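Participant: Spelled out from the first residue to the last, the chains are:
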Amino acid sequence: MNEDVIVTEGVEKTYEDSGVPVPAVRGIDYRLARGEFTAIIGPSGSGKTTFLNLIAGLDTPTSGKVWLSGRCISDMSGRDLSDFRRDNIGFIFQAYNLLPVLTVEENVEYIMLLQGVPKPERHERVMDILEKVGLAGYRDRRPLRLSGGQQQRVAVARAMVSNPSLVIADEPTANLDSQTSGELLDMMRRLNEETGMTFLFSTHDEIVMERARKVVVLRDGRIDGNADPEDFQ
Amino acid sequence: MLAKLAWRNVFRQRRRTLLTLLTMTGGFVLSSVSIGWMDGSYGSIIMFFTNGSTGQIQVHGRGYLDDPSMYTTIDDYQAVGTALDSVPGVRTWAPRIHAGALLAVRPAGTGAGAVFSNSAAASVTGIDPILEESATGFSSRIVEGEMLAPSAADSSYSAVGRMIVGRQLAIVLEASVGDSLVLLSQAADGGSADRKYVISGIHSTGNADQDRSSCYITLSDAQLLFALEGRVHEIAVMTDNLGIVDGLTDEISALMGERDLDVDSWKTFAREFYNGMKADETQLRITIFIIVLVAAMGVLNTILMMVLERRREFGVMKALGTRPGFIVRMIVLEANIMGVLSVLAGAVISTAVLLYLSRHGLVMDPPIDYGGTVFREMIATINPACYYVPALCVLLTASTVSIPPALKAAHTRAAKTLRTV
Numbered sequence: 178m179n180e181d182v183i184v185t186e187g188v189e190k191t192y193e194d195s196g197v198p199v200p201a202v203r204g205i206d207y208r209l210a211r212g213e214f215t216a217i218i219g220p221s222g223s224g225k226t227t228f229l230n231l232i233a234g235l236d237t238p239t240s241g242k243v244w245l246s247g248r249c250i251s252d253m254s255g256r257d258l259s260d261f262r263r264d265n266i267g268f269i270f271q272a273y274n275l276l277p278v279l280t281v282e283e284n285v286e287y288i289m290l291l292q293g294v295p296k297p298e299r300h301e302r303v304m305d306i307l308e309k310v311g312l313a314g315y316r317d318r319r320p321l322r323l324s325g326g327q328q329q330r331v332a333v334a335r336a337m338v339s340n341p342s343l344v345i346a347d348e349p350t351a352n353l354d355s356q357t358s359g360e361l362l363d364m365m366r367r368l369n370e371e372t373g374m375t376f377l378f379s380t381h382d383e384i385v386m387e388r389a390r391k392v393v394v395l396r397d398g399r400i401d402g403n404a405d406p407e408d409f410q
Numbered sequence: 089m090l091a092k093l094a095w096r097n098v099f100r101q102r103r104r105t106l107l108t109l110l111t112m113t114g115g116f117v118l119s120s121v122s123i124g125w126m127d128g129s130y131g132s133i134i135m136f137f138t139n140g141s142t143g144q145i146q147v148h149g150r151g152y153l154d155d156p157s158m159y160t161t162i163d164d165y166q167a168v169g170t171a172l173d174s175v176p177g178v179r180t181w182a183p184r185i186h187a188g189a190l191l192a193v194r195p196a197g198t199g200a201g202a203v204f205s206n207s208a209a210a211s212v213t214g215i216d217p218i219l220e221e222s223a224t225g226f227s228s229r230i231v232e233g234e235m236l237a238p239s240a241a242d243s244s245y246s247a248v249g250r251m252i253v254g255r256q257l258a259i260v261l262e263a264s265v266g267d268s269l270v271l272l273s274q275a276a277d278g279g280s281a282d283r284k285y286v287i288s289g290i291h292s293t294g295n296a297d298q299d300r301s302s303c304y305i306t307l308s309d310a311q312l313l314f315a316l317e318g319r320v321h322e323i324a325v326m327t328d329n330l331g332i333v334d335g336l337t338d339e340i341s342a343l344m345g346e347r348d349l350d351v352d353s354w355k356t357f358a359r360e361f362y363n364g365m366k367a368d369e370t371q372l373r374i375t376i377f378i379i380v381l382v383a384a385m386g387v388l389n390t391i392l393m394m395v396l397e398r399r400r401e402f403g404v405m406k407a408l409g410t411r412p413g414f415i416v417r418m419i420v421l422e423a424n425i426m427g428v429l430s431v432l433a434g435a436v437i438s439t440a441v442l443l444y445l446s447r448h449g450l451v452m453d454p455p456i457d458y459g460g461t462v463f464r465e466m467i468a469t470i471n472p473a474c475y476y477v478p479a480l481c482v483l484l485t486a487s488t489v490s491i492p493p494a495l496k497a498a499h500t501r502a503a504k505t506l507r508t509v
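Taken in order, these protein sequences are the chains called A and B.
Residue numbering for the first sequence follows this note's numbering, beginning at 178 and increasing consecutively.
Residue numbering for the second sequence follows this note's numbering, beginning at 89 and increasing consecutively.
Read the hints as simulated data drawn from the structure, not as lab findings.
Fair warning: this is a prediction, and the values are worked out from it, not measured in the lab.
Be a bit skeptical, because a hint or two may be false.
Unchecked claim - Some chain A residues judged to face chain B by a derived CB distance under 7 angstroms, without partners named:
hint : residue
1    : Asn230
2    : Leu235
3    : Asp236
4    : Ser259
5    : Arg262
6    : Arg263
7    : Phe268
8    : Asn274
9    : Val278
10   : Ile288
11   : Leu290
12   : Leu291
Stated by the list, open to error - Non-contacting residues of chain B with respect to chain A, defined by C-beta distances greater than 10 angstroms in every case (computed):
hint : residue
13   : Pro156
14   : Ala171
15   : Ser222
16   : Ser268
17   : Arg300
18   : Glu317
19   : Arg319
20   : Leu343
21   : Tyr362
22   : Ile376
23   : Ile456
24   : Arg464
To be verified - Here are the simulated PhoX-like cross-link-like pairs (lysine-lysine), alpha carbons at most 25 angstroms apart as the crow flies:
hint : chain 1 : residue 1 : chain 2 : residue 2
25   : A       : Lys296    : A       : Lys309
26   : B       : Lys92     : A       : Lys296
27   : A       : Lys242    : B       : Lys504
28   : A       : Lys391    : A       : Lys242
Where is the CB? At the ideal position from N, CA and C, for every residue including glycine.
Please work from the sequences and hints to get the whole structure.
Facilitator: Take a look at the structure:
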């Protein structure tokens, strides 16, 4: 189990809509090995978002268990889960979601501040990751003064700077043009290879699919097999 | 990071923040000026009232206030006065005798056999002209004629006495300066107390009710007339500082030791006047409460807007591992930053307004009558309450109204607000 960053066993999530149960995820058993660069694809309503929310501990399963880095997160209390997320998961959102009142440097160091990392170490790690994402010269800028691609690079830096076990990226290229998307994915792939950090994407974008090492297809709340990334190239 | 985030968040929507600051600052200034104005006015009214007649503290024989009997006296008033002189904070004191009497007047220029044409019941006060002048500035309210002379002749029972009568009493008696009158009463020894007087002056306190029944003779004369040699009914104690009256009352009370005396502050012996003041204070508190409530609504509205606008941001913070407590502290701090800025701005504006009002005051035109005492000018004061009361109100309000929105923000469900992960 230690070789797998994510393990889910019979994970189900059912919502209620006006008293009517609506199953979004229907008993998924899934394993994601450390160091993977995997995309989850599927049509709208297939349960991608719900599944990723369950893996990230942002939502609780109706039944089943989720293990992350060997720890069962399904039974954790809110505070423990919050700390666990902070220390083990990096997030990249579709809409970047940087904190607008903080500079690039402050956004990237935010999680380390929550972790209580000393200032010199924070500074060193922030400068290192900003160098890697090509934004070393932008550290004093506020997010709104950056392009969409640059903001998403900052989000990548924020997600990776604390060396989490898993980086979850939801539709990270949805708001970017294809050239910027390609450059961003190439950069993320390179960082994945350099650091061995595990990436899990949810996407509709073929640019993501063709760069993923594995593609998992989700349909009607169930895993409907794997696709070959080369099929998208 | 917490302070940095809070500070920058406050200024994200500058126009809205400015409007909120204006609301809070306005609340502070209104509260502060109201307190300064009312305290100043109360201070003026109380000092005017007590300095002009009653004094701030009074010493009586035990039970005199409840039952003002002729026989309840301070027997060794000179010794009491000497003791009072040794108390820091006591400016001066004045002994008095009070008695009821009937006055009948014979107009000046009429012969010895002329009829005493008009009569009226009166409250006679025996005063020590020198001590009374020092305590209440008695002569400044003599509108016609002259002050009583503390001469030896006054204590000679065979001579015609001199009396000052209240303005309205003089009107009732149809008497004026120089007219003769006869005082009829009963002395403490059971004998009759009667004597002939000449009106030496007309006195006006500004309180028509009081002036309709009051007349004044010298203390030595009153002691002789009412068979109260060496005794008085009351010692009025004067101080320049209203703030020390309660402490001073206790101190004097302790000093009186085993003497069978009551020592009371103006709040007790002028209870009606004091209750009127308390009622006004209650009104002030209600006014401040309404002002604070209005400011609180403004703050609450702003904080709610801030929280609603930033729901997604809170979702992101939660997803990144921010604990709910951090978000609560951040929002409460944001409200308090606005509170502190409002307090600072409000303090500057309030100081300017109160300084002006404390130096120039406001002329009352027409003058206002407060319990029979007429005030022609009202002056504000600046004291710590002008600052700490509004500051506490603003900061407590900011903290209180920010907590519910802060808790709401802290419990934002990241999965719900982010729509996707």
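Participant: All the hints need checking, so say for each whether the structure fits it.
Facilitator: Going down the list of hints, with the structure as the test:
1. At about 5 angstroms, the closest approach between the beta carbon of Asn230 of chain A and any beta carbon in chain B falls short of 7 angstroms, and the interface hint on this residue holds.
2. Of the supplied interface hints, the one on Leu235 of chain A holds, with its beta-carbon coming within about 4 angstroms of a beta-carbon of chain B, less than 7 angstroms.
3. Among the interface hints, the one on Asp236 of chain A holds; its C-beta lies about 4 angstroms from the nearest C-beta in chain B, closer than the 7 angstroms criterion.
4. Of the supplied interface hints, the one on Ser259 of chain A holds, with its beta-carbon coming within about 5 angstroms of a beta-carbon of chain B, less than 7 angstroms.
5. Because the smallest distance between the Cβ of Arg262 of chain A and any Cβ of chain B comes to about 5 angstroms, under 7 angstroms, the interface hint for this residue holds.
6. Checking Arg263 of chain A against chain B by beta carbon gives a least distance of about 2 angstroms; that is within 7 angstroms, so the hint holds.
7. Below 7 angstroms, beta-carbon pairs count as interface contacts, and Phe268 of chain A has one with chain B at about 5 angstroms; its hint therefore holds.
8. Of the supplied interface hints, the one on Asn274 of chain A holds, with its beta-carbon coming within about 4 angstroms of a beta-carbon of chain B, less than 7 angstroms.
9. Checking Val278 of chain A against chain B: minimum C-beta separation of about 4 angstroms stays under 7 angstroms; hint holds.
10. The interface hint given for Ile288 of chain A is met, as the beta carbon of that residue sits about 6 angstroms from the closest beta carbon of chain B, less than 7 angstroms.
11. For Leu290 of chain A, the interface hint holds, the least distance from its beta-carbon to any beta-carbon of chain B being 5 angstroms, beneath 7 angstroms.
12. Contact between Leu291 of chain A and chain B, as hinted, is supported at the beta carbon level, the nearest pair being about 6 angstroms apart and thus within 7 angstroms.
13. Here Pro156 of chain B stays apart from chain A, with its beta-carbon at least about 72 angstroms from theirs, past the 10 angstroms limit.
14. Every C-beta of chain A lies more than 10 angstroms from that of Ala171 of chain B, the closest at about 68 angstroms, which supports listing it as non-interface.
15. Separation of Ser222 of chain B from chain A is adequate, the least Cβ-Cβ distance of about 68 angstroms exceeding the 10 angstroms criterion.
16. At roughly 90 angstroms from the closest C-beta of chain A, the C-beta of Ser268 of chain B stays outside 10 angstroms, upholding its exclusion from the interface.
17. Non-interface call for Arg300 of chain B relative to chain A: holds, since the shortest CB-CB distance, roughly 73 angstroms, exceeds 10 angstroms.
18. With a least CB separation of 86 angstroms from chain A, Glu317 of chain B remains clear of the 10 angstroms interface cut-off, as annotated.
19. For Arg319 of chain B, the shortest C-beta to C-beta distance to chain A comes to about 79 angstroms, beyond the 10 angstroms cut-off, and the non-interface label holds.
20. For Leu343 of chain B, the non-interface assignment is confirmed: its Cβ lies about 63 angstroms from the closest Cβ of chain A, beyond the 10 angstroms cut-off.
21. Under the 10 angstroms C-beta cut-off, the non-interface status given to Tyr362 of chain B relative to chain A holds; the minimum distance is some 54 angstroms.
22. Annotated as non-interface, Ile376 of chain B keeps its C-beta farther than 10 angstroms from every C-beta of chain A; the closest such distance is 35 angstroms.
23. Distance check for Ile456 of chain B against chain A: the nearest CB is about 54 angstroms away, which clears 10 angstroms, and the non-interface claim stands.
24. Annotated as non-interface, Arg464 of chain B keeps its C-beta farther than 10 angstroms from every C-beta of chain A; the closest such distance is 56 angstroms.
25. Simply put, Lys296 of chain A and Lys309 of chain A have alpha-carbon atoms about 20 angstroms apart, close enough for the 25 angstroms limit, and the pair holds.
26. With a C-alpha separation of about 15 angstroms, the suggested pair Lys92 of chain B and Lys296 of chain A falls inside the 25 angstroms cut-off, and the hint holds.
27. In summary, the hint linking Lys242 of chain A to Lys504 of chain B is supported, as the alpha carbons are separated by about 21 angstroms, within the 25 angstroms threshold.
28. A hinted pair counts as satisfied when its Cα atoms are at most 25 angstroms apart, and Lys391 of chain A with Lys242 of chain A qualifies at roughly 23 angstroms.
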